[in-house]
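Given only the sequences and the hints, what does the whole structure look like? Please build it.
Residue 70 in full-length UniProt numbering sits at position 70 of the sequence shown; the count goes up by one each step and never skips.
For the record, the hints were derived by calculation from the structure and aren't laboratory data.
Nothing false has been slipped in among the hints.
Quick list of simulated restraints, FRET-style, between CB atoms:
no., residue 1, residue 2, range
1, 73, 52, 16 to 22 Å
2, 57, 105, 30 to 36 Å
3, 105, 72, 32 to 38 Å
4, 48, 26, 16 to 22 Å
5, 51, 86, 18 to 24 Å
6, 49, 29, 16 to 22 Å
7, 69, 108, 20 to 26 Å
8, 74, 105, 35 to 41 Å
9, 81, 52, 21 to 27 Å
10, 75, 34, 31 to 37 Å
11, 75, 103, 34 to 40 Å
12, 73, 32, 36 to 42 Å
The calculated BS3-like cross-link candidates involving lysine-lysine, where the alpha carbons are at most 27 Å apart (straight line), are:
no., residue 1, residue 2
13, 47, 95
14, 60, 47
15, 60, 95
16, 39, 60
17, 39, 95
What you are looking at is a predicted structure, and each value in this text was computed from that prediction instead of being measured.
Note that the Cβ used here is the ideal one computed from N, Cα and C, for glycine as well.
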Amino acid sequence: MNDEREDDRSVFVDSPPTTANRQTSVPTTAQQVTPQLLKNLTCTITKRIFVDPVKATDGKTYERSAIIDWLRGNRVSPQTGEFMDGVLVDDIPTKNLIIELRQRNLLP
Numbered sequence: 001m002n003d004e005r006e007d008d009r010s011v012f013v014d015s016p017p018t019t020a021n022r023q024t025s026v027p028t029t030a031q032q033v034t035p036q037l038l039k040n041l042t043c044t045i046t047k048r049i050f051v052d053p054v055k056a057t058d059g060k061t062y063e064r065s066a067i068i069d070w071l072r073g074n075r076v077s078p079q080t081g082e083f084m085d086g087v088l089v090d091d092i093p094t095k096n097l098i099i100e101l102r103q104r105n106l107l108p
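Listed below in structure tokens is the structure:
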């Protein structure tokens, strides 16, 4: 089957960006960038701060390329073990928060 790669891509549907409320309180000092905040801004697969965060159907946020690779070999969530259908939605609030923190030199 020479169109196998094309079939893989059709499984991963990108939804349009959401208008979810973003965090209202953005840290302004390094002390406010808590370990919990860093954990929330880090992909559980790559162990790196997000560059292109997406929400999956398990309700968790992942780095887009990492979760797409994961779903090619697995159909369950790496965090919850739930079935995942491959629908990914841009996590705009998380991405915007990371951009703001980097502009303030509070993230690498």
